[in-house]
Each structure stands twice: as C-alpha cells, then as structure tokens.
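Asker: Take a look at the letters that make up each chain.
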Amino acid sequence: MNLVRSRRRHDRTGVWLSLPYVIFFLAFVAYPLVFSFVLIFHRWNIITPMEWVGLKNFERLIADPLFYRSLGNTLTFLVIHIPLQIAVALGFALLLNVPLRGRGFFRALYFLPVVVSGVAVTILWQQLYSYDYGVLNGILASVHLPPVPWLVNARMAMPSIAIMATWKNVGIYIVLFLVGLQNIPRELYEAASLDGATAFRQFRHITFPMLNPTVIVIVVLSTIGGFSLFIEPYVLTGGGPMQSTLSGMLYIYNQAFYFGHMGYAAALGFVYALVILGVVLIQKKVIEREPAT
Amino acid sequence: MRKTIVYGVLAGGAILFGYPFVWMMVGSLKPELDISSLSLLPSSWSLHSYTAVLGKIPLARAFLNSVLVSLATTASVVLFGSMVGYALAKLNFIGRKLLYVLILFTMMIPFQITLIPQYILMVKLGWTDSYLGLVAPSMMSAFGIILFRQFFMAVPQALIEAARIDGCSEVGILVRVIWPLSRPVVLTVGLLTFMTSWNEVLWPMMVVRERSLMTMPQIVALFTIGGEAESQLGPLLAAATMLSLPVIVAYALFQRQFIESMASSGVKG
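Protein sequences, first through last, are from chains C and R. Under the working numbering, the letters of the first sequence match residues 3 to 295, in that order. Under the working numbering, the letters of the second sequence match residues 330 to 598, in that order.
All clues stand as given, with none of them false.
No farther apart than 25 Å at their CA atoms in a straight line, the calculated lysine to any residue pairs in the SDA-like style are these:
| # | chain 1 | residue 1 | chain 2 | residue 2 |
| --- | --- | --- | --- | --- |
| 1 | R | 426 | C | 33 |
| 2 | R | 332 | C | 99 |
| 3 | R | 419 | R | 513 |
| 4 | C | 286 | R | 439 |
Anything over 12 Å on all C-beta distances counts as not near chain R; from chain C, calculated:
| # | residue |
| --- | --- |
| 5 | 53 |
| 6 | 55 |
| 7 | 56 |
| 8 | 61 |
| 9 | 77 |
| 10 | 148 |
| 11 | 158 |
| 12 | 161 |
| 13 | 187 |
| 14 | 191 |
| 15 | 207 |
| 16 | 211 |
FYI, nobody ran anything at the bench for these hints, they're computed from the structure. A quick note: this is a predicted structure, and the numbers were derived from the prediction, not measured. Just so it is clear, CB atoms sit at the ideal spot from N, CA and C, and this is done for glycine as well.
So here's chain R without its partners, still in its complex pose (with noise of 0.2 Å):
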C-alpha cells in the first residue's frame, strides 16, 4: 500500500519533470494550428517549423559556432586544469601555497565584479566578435584545477617514484602514467565544462553582435524576443529542441557521470 503511494508520487514527479519536454518536441513536429492542445498526438506530422526557422536564422552556422566553441572550452579547461592540478598535487615548487590559495580566491569571487572588465579587456584585445573572446575567459577554470587536483592526491606516490627511476621526465610522468589514469575526472571536469559551455548565454550576448558568429542558445534567444519567430509557435518549440537535443543526448549517454559531476560541483559551496 505505501509503495503504491510512493510509485504514485514518483510517477507524479516524472509527469512534472518529463512531460513538457516531450510536449515540446512533439509540439515542434505538429502543425501549427495543433500545437497549443494537450494531446501528445498530433492530427499530422509535420516538419514545417523546422524548415521555417532554418529559413529564418542561421541554425546550423550557430550549432557549428556553439560545437566550436564548447569543444575549445572543454579541452583547454581539461588539458590545463590537469598540467596544474598535478602541479598542485604532486610537485614541490616555489609559490604552490600562494597559487592554491589564489584558486580558492577565485572561486569565491562574484563574477558580477569582473564581468564589465572582462568585456571592456575584449574590446581592448580587439576580441569582441570573435572566437577567441567567445572563448578565451573560460579556457581555464578554477574549479576544474581544484578537481584534478583532489583526484591526483589519491595517485600513489610510489606509482610516480617509479617511473622517476626509471628515467621518465616530469612531464613524461604526467602524459604517460598520470594521463592514462584520469579518465574518470577528465569525464567528470570535461562534461561538466561541456554543458556549462554550451548552455551559457550571457557572455556571448556580451562579446558578439555578429550574427555568423552567434552561439546556440544566443541566436534563439534572440529569436524569441524579436519579432522573427512572428508569435508562431511552432518554430519556437522546433529552436528550442534543437538547441536542447545535443545536450540530452549527451546526458543520455553519460547519466551517471552527469550527476555525479553535478552533484560533485554542489559541494564546493
């Protein structure tokens, strides 16, 4: 009897949490005159508002920008917060102390503060419509360090002596024995990076004006608020699940580590 209550409310939940997605995909391949109804079944299928907001912005140039942009992100924030993380964890040097203390500095800084400065930097730079200023502030990432960091103080030191005798260099020991042993933090700091990269908005709302050079979520945003998208609904409903299918797909694929890297991300606070 309780467990039917507890499977009733659990179901409730997944009605709540998973029905407006599903209601908007299927939404996206409705007719228009069909969408705003309840019903998960259509009168017709339809591709009609796929084909009209692809004829009204450039989708699929912001997809590759936003591809571009999250994969440099995601690989510059795992190469580098890994060479530092080791650092951290496993080298004597002068100014380690000061450099950690510097990271957990950055971490509790509001980016409120310097995010007017930021921009202002781009625009000295010259980055402001640019790859390099879409990417360039979050190449690297604090948090991400201190991830790597914590799983590289677990690396038995004697696995790191050995290799020294037998005469592999510092940054052998790096590429050849610590590497190969980071899959699970590179999964956890690279989809968190991904995700974080894909979905952010502000700061290209920030540096670029260009439509060619727009991400995702900025050019559908955009979208929505302008007058394009002519109050339809439909083609509303087909950028929002284009601009959402990547990321669940993704997330289909590495649930566990998605949750878990998220949930890893909570306990800094």
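Looking at chain C on its own, in the form it has when it is part of the complex (with noise of 0.2 Å):
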C-alpha cells in the first residue's frame, strides 16, 4: 500500500518537474513549428493581414536567382572551409596527442577563437583582410609578394570567410580529434609494428579509420555552422561583392526584414531545413559506408 502510494506520489512530482519544459516546448517549438505550415502558404508583411498564396512562395524560390546564388554560396564555403577544418585540426591534434611538456597551453591558446565572439572575429579579419592596410597583404608586400583582395573580388570573398570560420572554430575539432586519438587501443600499434608497419602505414591503415566516427561528427557540425552562417557576411561584406558572400541564412535575413516577406522567409528557412536534413544524411551514409582500408 505503502509502496503503491510512494511511486504514484512521484509519478506526480515528474510530471510536475516537467510541465515547464512542455509549455515551453509547446510555445517555442511545437506552435512555430505547425505556425511555419501556415506561413510558407501566405503572403505577409506583419502589418496588413495574411493572404493566402497557395503555392506561389515556392513557384517564386523555385525561379528566384538569388536562392540559388546562397544555396551555391553556401556549398563554395563548405567545400572550402570542412577539408580545410579537417587538415588543420587533425595535424594539430597529431601534434599535441605527443607527450609534450606545455601542450596544455598550446590546445588552450588553439581554443581561444572559439569561445570569442563572432562579431569580434569578424572585426578583427577585416582588418587582417584590408587590401590597402590590412596585416596579411603587409605581410606579402614584405616579402615581395601582390596584395590579394581578399573580401572585394567576388571570386575570392567567400573562400576568405571560410578561413576565417575554420580560424575561429578549428579548436573544437582539434579537441575532438584528441579525444578521438585517445580512444584509440594501443595494441593495434604494437600490433602493427610488430608486422613492421611504417609510421605512414600505420597512420593510413590504423589512425584514419578509427577515427571515422569524430570526422562525421566534425563534418556534420561544420555543415550545420555553414548553413547558420550570417553575422560574418552580414559585418564582413553585407553579401557582396555581387552577392558573392550572400550565405543562406542572410538571405533569409533580408527577405523579413528589408522586404517584410514573412512569408517568403518563412518558405526559404523551411526549404533550407530540408536540404539541411538531406545534406547531413547523405553525409552520414557516405562517410559511414566508406570502406576501413
């Protein structure tokens, strides 16, 4: 009886403990999700009342060269910054993965731009990217080298932000490649040279595919980064040189608030989360189905 009468007591505090997180999830999740099936249908600028489109917000993204021109911004800047991110965090973690005296400090250091707000970094690359006084193009001119323009030629301001992104976020996947690295059985490497397997090989045939699973989750979160990127153009360039740096997420940006397309915003976010899902599924399957060489 007694028994009976405690467990039903705290099947109530439970559901006492809870009922916050559900209002919660209720009004910020589950309303605007079912909100945003409404909206993808409307025509909407807040002010006047809404008026059913049908269709037409997806016939207009279907034809509107801009959506594309994000979409392909967004795909330049991952297939730039993800290779990028991977090579540099893993050399780094291979390094500090050597028992070194101070290599506390140095993966601290590494770390720094990640905890660092991004309109700061941004800030500070514009500097570093000036074409007249910035850092970098100083440093070429010291050395007899062209300046580059780094941000104001369309060919090149995209790949600038995606250095810039993997500097200030490539301490994250340095730590998880460490993690990774650790995991790692031992026995296998002695294993291994016991066979007489080289550093290489051992690196080719033991370090890379053990550490499959970290690189899905480096390339998934960095694909997810890509799609969320907006104050770095938004600060950097505003989306140009020629729509050059017009990311996915600033476009949408606009679309609601220069224009007041509530509607067509709403329609943009709703087909970037699906493509969002649909990248980072076949990303999982390709890179899970890769065969451990």
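Can you join these two chains into the complex? Each is in its own frame, and there are hints to help.
Answerer: Below, the structure is given as structure tokens:
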C-alpha cells in the first residue's frame, strides 16, 4: 500500500518537474513549427492581414536566382571549409597527442577563438583582410608579393570567409580529434609495429579509419555551422561583392526584415531546413559506408 | 630534433591563433595612425579609441543588457534543465518516454524552419523590444536537459532511496541531495549557455530595434557596418576588445571546463 502510494507520489512529481518544459516546448517549438506550415502558404508583411497564396512562395523560390546564389555560396563555403578544417585540426591534434610539456597551454590557446564573439572575430579579420592597410597584405608586401583582394573580389570573398571560419572553429575540432586519438587502443599500434608497418602505414590503416566517427561529427557540425553563416558576411561584406557572400541565413534575414516578406522568408527557411537534413543524412551515409581500408 | 620541429610548429600555431587577439588589444590602445603597423609596441599609449567609441554608442548600457540577458538565460537553462533532467533520469511518470523523444526531436530540427515563426510569435505577444523577447526562446535547452539527464543517470539509486526512507519529499531530494552533487554538470551547462548567449547576435538583430535594449554583439555589429565608426580603426578595435574581454576572462578562469563542455557538445552530432 505504502509502496503504491510512494510510486504514485513521485509519478506526479515527475509530471510537475517536466511541466515547465512541456509549456516551453508547446510555445516555442511546436507552435512555431505548426505555424511555419501556415506561413509558407501566405503572403504577409505582419502589418496588413495575411493573404493566402497557395504554392506561390515555392513557385517564386524555384525561379529565384538569389536563392540558388545563396545555396551555391553556402556550398562554396562548405567545400573549402570542411576539408581545411579537418586537415588543420587533425594536424594539430596529432602534434598535441605527442606527450610534450606545455601541450595543455597550446591546446588552450588554439581554443581561444572558439569562445570569442563572432562579431569581434569578424572585426579583427576585416582588418587583417583589408586590401590597402591589412596585416595579411602587409606580410605579403614585405616578401615582395602582390596584394590579395581578400574581400573585394567576388571570387575570393567566400573563400576568405571560409578561412576565417576555420580559424575561429578549428579549436573545437582539435579537441574532438584528440579525444578520438586517445580512444584508439594502443595494442593496434603495437601489433602493427611488430608486423613492421611504417608510421605512415599505421596512420593510413589504423589512425585514420579509427577516427571515422570523429570525422562524421566534424563534417556534420561544420555543415550545420555553414548553413547558419550570418553575422560574418553581414558585417564583413554585407553579402557582396556581387552577392558572392550572400549566405542562406543572410538571404532569409533580408527577405524578412528588409523586404517584410515573412511568408517567403518562412518558405526559404523551410526549404533550407529540408536541404540541411538531406545533406547531413547523405554525409552520414557516405562516410559511414566508406570501407575501413 | 623531432621535438624541436614539433615545438616549432606548435609555436607557429600559437602565433596564428593568439597574435591577432594581442594585435587587437594593443591596437585599441594605440594612437589611430599607428594601428595598421604589425608592431606590438606603439609609439605611445592612448585611451582615445575607448572614449571615442563610448561617446558614439551606448556601450555601457549594451554591456549591462548583455550581462542581464546572459545571466537570466543561463540561470533558467540550468534550473529547468536540472528539473527535467532529474525527472527523466530518476522518476517514473506518464509520458516520460514521449517527453524524451520530443526532446531528442527538438535537437534535430534545423533552426531555420522555426526562426521566422518564433519572431512572429514575439510580435503577437508584444515581446519585441523587450528583455523577455530576448530571453524567452532560449530559456530552456533540449541539449542542456540531455546533459543533466546523463549526469543524473549515474547518481546511485541507493542515495535517493535512502533520502526517501528518511522522509524527504521528491522535490526535497532534488534540492538537498541532487543539486549539491551537480556542480560539474551545472558548470558545463552554465558555461556553455553563458557563452552562447553572450555571443548570440542573430536573434537580437531580429527582435530588438531600440538602441537602449541592444546587446553588446548586436550594437558593435551595427556600429561596424554603420557610418558611426567613420572608417576609423581604433574605435572598432576598442569595441571588439570590450566585446570579447568578458568571455576571455571567463575562459582564463574555467579553461578546462570550457573545453570539456564544448567537446561534449560536439559529441551530440
């Protein structure tokens, strides 16, 4: 009897403790999700009444060159950012995995850009990238190389942002690779050395395949990060030159807040969410299937 | 020999990741004409850049707004996260499995889909241009709940049974037995939330137009793209320094916890 009552009592406690989250979920997750399905079929500037337009937002989206431009820009970003990120992070992680004095200090320093505000980092890189007075072109000039139009050339601007984003985030991925490296059983290396495998072959056949789960995490997180790119182009280039750094998130923001096209912005967000889920699913499938050579 | 090379590359990395910040801070203290030089030794020190930027934008007020918003968000995420996390880990109740599935589902939704509807909700509630609007949608975090749940799963059931036998109420167990044990996970979730909230800029750019309510990253971003900086470098670097310094100080104090919490947030992917 007593047992039953006690179970029922903490039955109710569980409900009470969860109730705030349930309310939060209904208000800020479920309702916006449901409302997005309404919004994408309407034209609305928030001020005048909503107007049902059926599939017009999607017809417009399919024919919108700026949508494709923003999608292409995001892909350009990812194609540079992800391999660069993995290479730099893995390189530093392998060095920091060597038992050396002071490696904790280096790890902490490499992690510093991760915690600092993206706005501050962007201001900093705006100065480093400046064509006439920038530090980077100053360094190039001191070794008699021509200046690079980091942000002023439409071909260079997105790659420049990808380099900056790599610099900012690589610290997380160094740490993730270090965790991955420490999880590889030592016996594998011992057995390989007994068989006479060179350091390179050990890396190729043990280290790299064993890091596969870490690589998946890094690819997925970088992809989600790439699709969220907003403040960097907003501050650095405003989406230019010639729309070359207009990111998906920046385009959604502009549609909603410069033009007041709430329905169209919601439709863009909807399509982008589907694209993100699709890309991430494909990435997971492809990397997981890669044979452990 | 190999050791020397490794140290050489690591030192190169230290310059790569550390030097820009040092350059930024020193630059903010240099006279305007000196800044673009690579040197870290200015011809003279000057606070001119700071007085200039503080005279142009209400940065002190923005700092206060950021502190308020970040602290309120952090306190709320930790409080509610520990409550739900405890219920999920240790209590049996109707709908527990469903709740857990919903929380995992929440973490998988790309935010792009809910962003605009969330903004419209703020407009309907009349919460734009208010602290409530800044804080409300991040008051609870699915990921925070999951971290708390994981931590509480490892708490021995015997400890809870013992408190129950001693006549402790269920809420009393949470407050007097569980919370005192939770320092590590509170620190992990707290630091992660504080940092994310302090650096958040997209949401404030959506819900706040009024200058006196802007958060620090928001007002600094608008200062940078607006004409107010008058293409002077010094005030920009001063603003960036003031924006990054609080997190850098927190990082210096809790370096290990920061790295661990970010690493744990990476594992969720």
